[in-house]
Structure formats: structure tokens, C-alpha cells
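Hints given; two lone chains; assemble the complex.
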Amino acid sequence: MQRTLLERVEPLARDVVSLVLRGAEGPLAPWEPGAHVDLRLPNWLTRQYSLCGDPADRETYRVAVRHERLSRGGSEYVHRFLRAGRPLEVSLPRNNFPLLPAPEYLFLAGGIGITPLLPMLRAAVGAGTPCSLVYAGGSAASMPFLEEVRSLAGDRVDILATGERGRPDLARHAAALGPDTLVYCCGPAPMLRAAEAVFPAGRLHVERFRPEARGFAPDAPFEVECARSGDTLRVPADESLLDVLRHAGHAVPSSCREGVCGSCEITVLDGEPEHRDELGAPAGRMYPCVSRALSPRLVVDL
Amino acid sequence: MAHTRTRPRPLSPEQVLALVGEPEPMVKNKIIDHIDEQYHRFIAHSPFLTMATSDAAGNTDCSPRGDYPGFVKVLDAHTLAIPDRPGNRIADSFRNLAENDGIGLLFLIPGMRETLRVNGRAYPTDEPEVLARLQAEGRTPRLAIVVRVEQAYAHCGRALVRSRLWDPASRALAEEMPTPGEMLTAQLSLDIDPRVIDEGLEEAYRKLY
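The listed protein sequences correspond, in order, to chains A and B. For what it's worth, my numbering labels the leading residue of the first sequence as 1, then goes sequentially. For what it's worth, my numbering labels the leading residue of the second sequence as 1, then goes sequentially.
There's no promise every hint is true.
Coverage of chain B stretches by chain A, computed from C-beta distances (three or more under 8 Å per stretch; other residues unrestricted) [unchecked claim]: (1) 99–113; (2) 127–134; (3) 160–173.
Computed beta-carbon distance windows for the label pairs [claimed, not checked]: (4) 30(B) <-> 44(A): 44 to 52 Å; (5) 282(A) <-> 125(B): 37 to 45 Å; (6) 162(B) <-> 284(A): 22 to 30 Å.
Rather than coming from a laboratory, the hints here were simulated on the basis of the structure. If you're wondering where the values come from, they're calculated on a predicted model, not measured in any experiment. For each residue, glycine too, the CB sits at the ideal point set by N, CA and C.
One chain only, chain B, in its complex shape (with noise of 0.2 Å):
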């Protein structure tokens, strides 16, 4: 049965700040414009980040990036580079970022609570000294994502904390999930069989560079 859509009440700024207050003078505080000793062990060991970028509309997108812990070169305190690696869906970002250079990112490691925000302007870039140091098993990324930081914070780890992200006993949640492949044919009505689907995609994930 199809969900009934729904419209729930939007509040404006003024209710909303009623409602849950000013930020704490050490929360305002803690925002940095640029990426300082702390948060550069941060980056160096994160193999994980989200990157929402939207373009000139409005229209928002948020993709994951990943690789070996540090595939994200602080080029110094002001600049980090990020790989362009295939099946990044590069298309989107670079799309919008080319309308609306603003970029948000959330570094995430796993085992830690805290999280990493950076936010900035950003560009692609095929400059042959970035690229040189973003290789990953002998591949070269063709283009990198070069960011200049306005802000660097720290995010608390309640939100990990609830939702138990790294307890390993969470991963059974992935158990309850239908395969991609039973996904997709569900979704798209495919009268194949979804295990040639997950064969396809299980071979995809064999190369990953």
C-alpha cells in the first residue's frame, strides 16, 4: 500500500529558536576557518565522508566518498583535495558545484563518536602535484575536488551514540533489508531475477579502482 502523503506544519526561524535556544558560546566558539593539528589527524585517519553540494536552484544532493583511511589530502591549513574515484556519481556534484561552489562534508571514522564538519567553496581540478598524491592501488584519479575551508567543527556524538552506528550488534539491521538486486526489481516492476542483478554488482565491487 502506497504511504498518503503528507504536509506536516513548518515553523519559522523565530518559533524554532523558541524553541530550542541560542547555540552555547562553546558551541559557537568551537567552529574554526581552518583545519588545525586536531583536525588534520581527523581527516588523515577518516575513510569516510558525506559531500552535499546544491546548484544555483536549490536543488541539494548529498553522495558518499570513500577510500583508505586519509584518501583526503590536507593541502594545507586552508585546502583539502578530494578523489575522484569511479562510481563517486561525480556527475551530480560537479554539476552543481560548477552553478554553486558551496560544499558541505561530514568526516566519519569508525569506532569514534565524534564526528568532523567542514564546510567551504570548491572546484574540480586535474592539477598533476594534487593528483599525484591522491593515488590508491597505482590508479591516478583523473579529477579531484579541491576545497577551500570556511568552517571546522567537531560534531558531538549523540547522534552515533543513538543510533548505535558502531556496535556491531546494529549490523544485523542489514539482515532485514532486501538484496539491491530484489530492490531494484521490485521497484521497477523487472520480471529478471535479482541475483543477476547482486552477481553484477558484486562483480562491480571486485574492482574498485
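Here chain A stands alone, though its shape is the one from the complex (with noise of 0.2 Å):
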């Protein structure tokens, strides 16, 4: 964790808000386009932001927050309690979502999912990277950065109001999609499906705010072996791989418990995990506040 002092909170749009925290011990850790953090607020929940200030300035971090309509207290607290001046504890910068080198880049921005795109978006201007940006939202009054967007990249941003103009045709633009051209898409999960139906799957990166519903097996009972402990844990059918490893004492860190921020990471050694993460686990790797075992039993690390 690092500790921060809020050094203000500034209406950007209509129900969104940008935070510019100041680290409080000296520069903050650096972090790439794409990255996100966790913030620990004073109601005691902690939720992700990706980062949308400048990477270069070591002194603050930016991130901008909507005012979720069903909130369960994390965009709420932000918004109508979070004061200037107070201290804030952020982690360490992860990032699910690095911009890979290409020779162009498609940014796909739906409402608050510019965030992780504007860093990507200056970034690409700045290497003289020829890139585009469409960003849709439901109404300009509601689009965050729409200044900070037109003056990087002017003419390649298309902002459609989705309100007046209807949904972006993404089908339009993947037909005219140059052959090594990466797609980076943020965005609500209608976005996220439309892209997934006409880009390629293995140059479209999308990030998601919320997992998508999915259908899984039913949960089933499983064991897991904790090879550095020795203990071996039985995982019930009505409990997350998670609280049965934390409930052990294995001081498994934890965030979104939806398999979307990366945080309980853990190392598999043996056994075949069945995945539910959103995050796409590396080889060897799993999330273990939603995935669960395919194998009967699984040995970990820990």
C-alpha cells in the first residue's frame, strides 16, 4: 500500500468525478498505460480505478470515478462523501490491460472505460503511433475527457452521443482495420460483446468493469493442498476457493471477489483449475475468489 493525500476531487461530467491523490512519501510507483489501482476508502471497501493521469508524473495519481445508479457503496462514497485533504491508501499499480507494441492502435471507449484508453491514447500520439479513438457515451454532458481527448488526437476521435447518433458501428471498422492493427476496447458490456462479434480474437484486448454472466457447471466440492503449509482444505460446494484458504489463515490478499482485478492471484502446482476469472489467468496461475477445480483435487502454493 501507499499512502496518498487527496489533493482534490474535481466534477468532470455529469455523475463523474476525477481524484487526484498525492503520494505522501515521496514519488509513487510508476505504472503503465492500462493500469489500475486499488483504493481503500474510509468505509472500508476498496475498489479499482484504473489510472487516467500522466505516467510521467511521478507525484500524483489521477483516476476518475462514476456515480454508479445501483452503487453497493464504493462510487457512491466517492461521490458524495470523499473530501479533499484527506489521507488514502492505494496500492501498488497492477495492470490486466498493457498496451502491446503494434504499428496502429483501435481505442473502443464506452463511457468510464476511457479511462484506461486516455493513457494508451497519449501514449500512442506521443511514439507518433498512428492510432484512432471512438468513444461512445450516452451523452456528451456525461463524457469525461472530451476536451483532453480532441486536443491529443483531434480528427482520429470519432465521439458519438449515443443518444443522438445510435451505437458505434464496430463492424464498419473492423472491416477497414489495418492487418497488424491492435484493438483496445474499455467499455459497458454491450461494447465489450459487439467488439468480441467482429474483431479478431487474438488483436482485441478488452477490459471489463463488471464479469460478464457466464454459465459454469455447477459448483462442486473439491480439495486444495497448500504444498508449502502441507495442510490439505476441503473447498464445499457454497464456498469460494478463497474464504476456504483465508478462513485457514492463508493470507490470501483479495479485492473485487469477482475475478476482475487480479488481486488473490495465487500459483498452481498441480491439478487443472477450471477458470472463471475475466482476467484470463496465466499458465500455472488462478484467481481463486471465483475459479474453482476441474480436478478433484489442486495443489498450490502457499
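Rendered as C-alpha cells:
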């Protein structure tokens, strides 16, 4: 955790504010476009927000937060109760959505999904890499960073207020896609689904706010062996692997509990995990907050 | 030795009034009929409340509810939603509310001497949009209690000052208490090791959701 001071809370658009956090103990940890941090809120909740400031600025982090209509207590707290001047703990940056080298980029942003893409756009423009941005939102008044993206990329930005012009025609963008162009998309679930339907899987990178509703086999019990501590635990059908490990005293960090943020990553030594996360676990890793087992037994490095 | 049963003399409402007088106008005026921004902030920082309900016959019950601060959601200025979590002794409250929808809530914030009182009418719901807002640790409650607010007011902190409730030194009081297992085995004259009960409880406390 890094100690910061909440320097400013500023309205950016309707129902969107930005938070500027200044490092309280010297420079903040470095980050790359696409990275997010966990914010520990005063109401004990931890929430993930993409960093949308300038990676070269080691003094402050900037995040933007939309007030969700069905807030579980994170965005409502940020909007209504968080006050400038208070200290806030922020995790080290994590990047599940890194910008890979490519000769050209197409960025697709839906609403607050602009946040991880903004530093990507800035990096691509700064490096002189050809890129364009399609930025859709309900209405211009609800879309943050309009001025910023316009001044960054000018006519390579297509801003769509879907209330007026309807959803972006992704099929047209897919048909016109250069052979080595990489596509980065962050937005609400319908936009991600539309993108997944038209862009080649190997060239599309997405980041979700919330997990996609998907069907899995019914939860079954399994066993987990912790190789370092030597204990073997039973994971009942109605408990997550994460909860079982934590109840047994293993200090596995966790945050979103939805397979989105990546903070509970553990190493799998044997057995076959059933990956249910949204991140695409790297080989030999799993996210025990949502993932379970296909084999009757897993061996993990704990 | 058992306590002798006593019944101190009751007072009439007139006698009480003569002893304590009418409430100050300011005290009366601070009662509002909705949740304003200040009380919303109070609820958003409160991890604990007591909930009083009673049945048609006047049998009354008061139970604790607790979770992360703001676990009670302010749906609008007149409406609260309280999640039902395992171990809340829900049955008593819901049985009462089915007969009598009156409810009284007292919100506490650790470290704060003033408390927030909210009275109103309540009913259970399984409305998905409400339950979605009440998730904790990735679990969605099956039920919530919706409270239609009729009265809300901050209660002055004298009781908490006198009780030294937030004084860390007050925690020494708990050391004078037997464990829950010891209490239960004594009350029920059980011939088992109290530690079995205490360990069972500790296990249950590790699984909160």
C-alpha cells in the first residue's frame, strides 16, 4: 500500500468526478497505460480504478469515478462523502490491460471506459504511432475527458453520443482494420460483446468493469493442498476457494471477489483449475475468488 | 443465589411529565421526517445499528445488525434498505413486521458520541435492484428490510459519554465476563467442556457471509 493525500475532487462530467492523489512519502510507484490501482475507502471498501493521468508524473495519480446508479457503496461514497485533504491508501499499480507494441491502434471507449484508454492514446500519440479513438457515451454531458481527447488526437477521435447517433458501427471499423492493428476496448458489457463479435480475438484486448454473466457447471466440492504449509483443505460447493484458504489462515489478498481485478492471484502446482475469471489467468496461476477445480484436487503454492 | 423478584412502583404519564418536564423546543424541532445530507453521511459511516420491532400484541424485540460502514443504503430521502445477513435472528424481526410494521433504528459510529435514531414503517423485499446494492464480500443477501422513514434525529451523546463506550480502557470490562461457552453451560447446566462451544463459535465467526 502507498500512502497518499487526496488533493482534489473535481467534477469532470455529469456523475463523473476525478480524484487527484498526491504521494505522501515521495514519488509514487511507476505505472504503464492500462494499469489500475485499488483505493481503500474510509468505509472499509476497496475499489479498483484505472489510472488516467500522466505516467511521467510520479508525484500524483489521477483516477475518474462514475457514480453508479446501483452503487454497492464505492462510487456513492466517492461522490457524496469523500473530501479533499484526507489521507487515502492506494495499492501498487497492477496492469491486466497492457498496451502491446503495434504499428497501429484502434481504441474503443464506452463511457467511463475511457479511463484506461486515455493514457494509451497519449502514449501512442506521443510515440507517433498511428491510432484512432471511438468514444461512445450516452450524451456529451456525461462523457469525461472530451476536451482532452480532442486536443490529443484531433480528427482521429470519433465522439458518439449514442442518445443522438446510436451505437458505433464496429463492423465498419473491423472491415477497415489494418492487418497489424491492435484493438483496445473498455466499456459496458454490450459494447465488449459487440467488439468481440467483429474483431479477430488475437488482436482485441478488452477490460471489463464487472464480470460477464456466464454459465458454469454447478459448483462441486474439491480438495486443495497447500504445498508449503502442508495442509489439505476441503472446499465445499457453497464456498469459494479464496474463503476456504483465508479461513484456514492463509493471507491471500483479495479485492473485487468477482474475478476482475487480479489481486488474489495464486500459483497452481498441480491439478486443473476451472478458470472463471475475466482476466485470462496466465499458465500456472489462478484467481481463487471465482475459479474452482476441474480435477478433484488442486495443489497450490501456499 | 437467585434474585428476589421485585416490581418497583410505576408512574403515570402526568407524574413523569411533572418530574422531567416538556422537551425543549429545539429538541422537538430537530426531528425531521426524512434523511437529509447530514444523516445520509451518518448512515454511510455507521457499521452498526440496533433494530426494534414488536408484534401485534406488543411483544418487543431489539436486535443488532452490523457490517461495513454504509451497509444500510439510503435509496432516497424517505427510504432505507437494510440487508439480511446470516445470523441476524431475522425470523423475530420478520415475524414482528408481518404483524406490526413499526420499526425503530439506532445507528452508531465507533468513536462518535452522538447516535442517529430513525423510526418508520418497514417491510421485507427481494427486489433485485435493492439486493444488488447490498452485496458484501461478493454475496448478495436473499432479503432486505425496506424502511419508510417517518422520523430521523441525532441523539445527544451524554449516554455514550457517561458509558465511556468508545474509551479503549472500557474494553477491560469484557475481561470480567465468562466466555459464551461458559455462560451457556452454566445457564443450561450442560456437562460439556465450554471450550467446545467457544471453538464452534469462533469457527462460525470466521464465516460471516
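Hints and how they fare:
{"no.": "1", "hint": "99–113", "in the structure": "violated (count 0)"}
{"no.": "2", "hint": "127–134", "in the structure": "holds (count 4)"}
{"no.": "3", "hint": "160–173", "in the structure": "violated (count 0)"}
{"no.": "4", "hint": "30(B) <-> 44(A): 44 to 52 Å", "in the structure": "29 Å, violated"}
{"no.": "5", "hint": "282(A) <-> 125(B): 37 to 45 Å", "in the structure": "42 Å, holds"}
{"no.": "6", "hint": "162(B) <-> 284(A): 22 to 30 Å", "in the structure": "59 Å, violated"}
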